[in-house]
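Colleague: Below are the chains, spelled out letter by letter.
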Amino acid sequence: MAINLGYFLKESVVSFRRNWVMSLGAVITIYLSLLLVGASVGSSMIVSQVVRSVEEKVSIRVFLKDGAAPADVDSLQAALVADARVKNVKYTSKEQALKDFGATMVESPELVDALEVNPLPASLDVDLKTPQDVNAVVAMIKANPTFLKVADRPDKPEKSLKYGQQIVNQLFAFTRVLRAVGAVFIIMLAIISLIFINNTIRLAIYARRKEIGIMRLVGASNWFIRTPFLLEGTLQSLLGALLALLTLGSIQWFVMPKVRETISFLPVTLSAGAAAQISAILILSGVVIGLGGSAFALRRYLKV
Amino acid sequence: MAINLGYFLKESVVSFRRNWVMSLGAVITIYLSLLLVGASVGSSMIVSQVVRSVEEKVSIRVFLKDGAAPADVDSLQAALVADARVKNVKYTSKEQALKDFGATMVESPELVDALEVNPLPASLDVDLKTPQDVNAVVAMIKANPTFLKVADRPDKPEKSLKYGQQIVNQLFAFTRVLRAVGAVFIIMLAIISLIFINNTIRLAIYARRKEIGIMRLVGASNWFIRTPFLLEGTLQSLLGALLALLTLGSIQWFVMPKVRETISFLPVTLSAGAAAQISAILILSGVVIGLGGSAFALRRYLKV
Amino acid sequence: MISMRNVSKVYGADKPALGDVNVEIEQGEFVFLVGHSGSGKSTFIRLLQRELLPSSGTIIVAGQDLTKMKNWKVPFLRRNIGCVFQDFKLLPNKTTYENVAFALEVIGRSKHVIRTQVPEVLRLVGLEDKINSYPDELSGGEQQRVSIARAFVNRPPLLLADEPTGNLDPATSLGIMSLFSRINKTGTTVLVATHDREMVDSMRKRVIALENGVVIRDQDRGVYGYGD
Amino acid sequence: MISMRNVSKVYGADKPALGDVNVEIEQGEFVFLVGHSGSGKSTFIRLLQRELLPSSGTIIVAGQDLTKMKNWKVPFLRRNIGCVFQDFKLLPNKTTYENVAFALEVIGRSKHVIRTQVPEVLRLVGLEDKINSYPDELSGGEQQRVSIARAFVNRPPLLLADEPTGNLDPATSLGIMSLFSRINKTGTTVLVATHDREMVDSMRKRVIALENGVVIRDQDRGVYGYGD
Ligand SMILES: Nc1ncnc2c1ncn2[C@@H]1O[C@H](COP(=O)(O)OP(=O)(O)OP(=O)(O)O)[C@@H](O)[C@H]1O
Ligand SMILES: Nc1ncnc2c1ncn2[C@@H]1O[C@H](COP(=O)(O)OP(=O)(O)OP(=O)(O)O)[C@@H](O)[C@H]1O
Ligand SMILES: [Mg+2]
Ligand SMILES: [Mg+2]
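Residue numbers (the working numbering), protein chains in the order written: chain A, 1 to 304; chain B, 305 to 608; chain C, 609 to 836; chain D, 837 to 1064.
Don't read these hints as lab results, they were simulated from the structure.
Honestly, I wouldn't trust all of these hints.
[What the hints assert, rightly or not] Derived lysine-lysine pairs resembling BS3-like cross-links, with alpha carbons at most 25 Å apart: (1) 159(A) / 466(B); (2) 453(B) / 466(B); (3) 303(A) / 1021(D); (4) 156(A) / 403(B).
Make the full structure from the sequences, and use the hints.
Modeller: Pasting the structure below:
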């Protein structure tokens, strides 16, 4: 049987025009659904970036006692650098520590000037690849024998380690909830959108079930009936996806710069790569949903 | 003409059953739309509560010079308390300031011990009713003549006021964006939901336009045709709203306690009053949307 | 009862479906409307129901000028006109009983009246067995009879029937026609568009013949009269 | 061509619409199916098209047992059966031309064939003026003729017609019947369910009469034959 693609294309375009109430309904539904999903995925990408940038500030500071042997310090540093979870380790001398401290005390620099000895210890600052590893790395350091040798207060090892225990735990608890809520929300939205779209397509095909019945009675095979409907569904979905893309694009180009201006201290950008990814997802899911939804809705009415 | 409510009720219930494909479609759409809107309003209420709790931590600290006359300090305090924007003003003595500072330096208490004189100034801590007023109140204080008399560093008045200028501005910029995004999102969601619901109702009525035409030809007046459709639409909406309420209720009762456990440090609760408010909004908008949507969709097919 | 003056109806930019029709029908008359397929019979009937407005001319039904009638008054007009539609126009989600009852519910008849009159009328058209069937569970002729039952269940003063026996066998057709005849004897004006030559010829009522939208014959005690 | 053996069809729990029907129709025959409204004619035709499956019995059409036929083969069966439906079954979103063309597109005919055959067939049924009208812009009889045109445009070996002249005037009916007769002469088997007594009586073909779903008469060169 010669598959006459031209015939089917013409057929679906004509049907799109003649059933425009239904078609428009479907396009609007798909457009808004994909817009919602796209906007949510984009926002969650931005939020997760912001969250990461905050999390990244988590680091571990190991305070060293004044007379620690440089060899021991070096060996501890080497041990830390060797750990797969550690990004880098920086040594801060006593002098540097006091200077840094003075810089944070802008309002009362007298305090630093009033000091006669330097009470601040030297330290190793450990940055992590994955901030969430902080507790594991702290445990690893505590178990390290060299650490006990160089620690500022070997009697109370935990006092020689600073990593904002409480804040870190709160922060991670919070970002964990934030991520979970975001994921649940996007999944929910995606499912809801699917239901909406499926619903709309189903209603549109339900409204034309008599037509389908007639086609079958005139001897049209299932694929002959199905193809124009599927093409039409795909057409609708593509149109919806395209509109959603346009809208999201204009948000990315016109609204986001404004937002970025207002809160320049947070990295609220969506990279071109991520945007392209979202676009691809939208277009793809548009097509899949249109095709799948139509095929699914048609099944009921295509039993001979 | 006797309005036979019984007849219309029976009629709409029967029609609901006989057109169940369409009815179910409408109920699902309304359910999910209201669920989305309800969940978003609830979340944004919680977020705005969290944001407020963070903002509330903003306060102004006025540093006093060591020899400030108590009468002047009292007069400044009185002037501040008299300001409508100020919630309360607390005096912190030099000694208290040093003690507080020592407490924050748990890791290096040696620093405080090493001091020979107390370099910290006394201060007045000003809490505000509306955190956003901070810049205005700062300006007011700067303009106050007593302030110049008692300020720690009258040569540089801004050095005598600490209110985390940069952080405060960042925080407010951030919360402003957060609120704006939340509001835009909810409004968008509400509009999209409205479009979805209207769309679905329109499709359902479009599929029955022939029926409406027949009713008109048999002499049914517009209100006679309309009433069962409106009742049916309202029925569908109420059902959808109820389902949405049930779902949101179970989230509030079963999911929220878990979340609260995880991030107990943030006030992520929704008061019973707010929940009741959301419920009322959902039910009401359900009815309004169902009635309005049906009435709107019917208009086209009710021209005689 | 019915008065059409210089009535034309043009659908598209085509040749008119009805052109300059002048017809007067008195109260209590029984009139056949005949003509080839596409000659304008259904258009004629739909104009009387104000389903359509004429392109020009005036139509007066029961003393009311349809071309000037307010929209909200139309349902009241239609309640006084029983109509058998060529394509039946049954409500697909209502049973036979409910379809017929609908015509009574529309005019606010009580449940009691409905419960006695509907079965009675369905018995007259021979559908007492099909009371709870939906239209798509009925044969063509059965659907047609539901449409007939609905048209006269509320005893309207004017009965329009468009091809009411097209799907009925001669015996049933005869029954329906004698029913129309009886209804006509109670004072109801009856207008029947039909192709049933046997029927027209045997009943010898007034016959209006249309051809391409024009009245070519208006004859009392006439016959179907196409010599083929 | 057609062989029905002990065929019954029960719709609900009601009395059967067809009960124990035995009919053999040879290739090239011309058969009228008559009977009162609701006697089972449409059911008979819908069984042959496999729109319905019988409750019991076997139906063989063109050598194929319909009761055992695979679902995917049904469209191929139907392409060999032209059918005029009692309720026309036109596609509402297609014009006259497109509705008729659809029957050719379904079997994969080329554009060229479609463009020559469709207007030709529409001319035969007298619809050359209505090529671009949608079904709801056509009169009842015009819709019926579109359905007729669609049924034989692809020259099927079997033509089923359910009440094909119910909405047509006697002249047009005669034209359609002589068309069927001509089609029959080319070897096509023709089965026509009808109420048109004049037609049946004048053509003197084989007549199968149904009454309450039972074949009460099967007569060569028969007449409509209800004495009312
Ligand atoms: N909605 C419409 N739009 C355009 N043309 C129409 C419309 N309705 C009817 N026509 C045309 O008007 C003419 C008269 O139609 P009408 O239905 O009145 O014929 P009729 O006498 O009832 O025919 P039949 O006996 O076949 O039912 C026909 O040619 C038809 O094609
Ligand atoms: N889908 C269905 N469900 C239930 N009963 C049905 C269904 N279709 C038909 N019937 C019943 O079966 C019987 C035969 O119907 P059928 O349509 O075959 O009659 P017919 O001979 O074509 O009548 P007509 O001349 O009026 O068209 C009728 O009594 C009808 O009510
Ligand atoms: Mg007509
Ligand atoms: Mg039939």
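Colleague: Hints first: check each against the structure and report whether it holds.
Modeller: Tested hints:
1. 159(A) / 466(B): 30 Å, violated
2. 453(B) / 466(B): Holds: residue 453(B) and residue 466(B) sit about 17 Å apart, inside 25 Å.
3. 303(A) / 1021(D): 36 Å, violated
4. 156(A) / 403(B): 23 Å, holds
Of the numbered hints listed earlier, those contradicted by the structure are 1 and 3.
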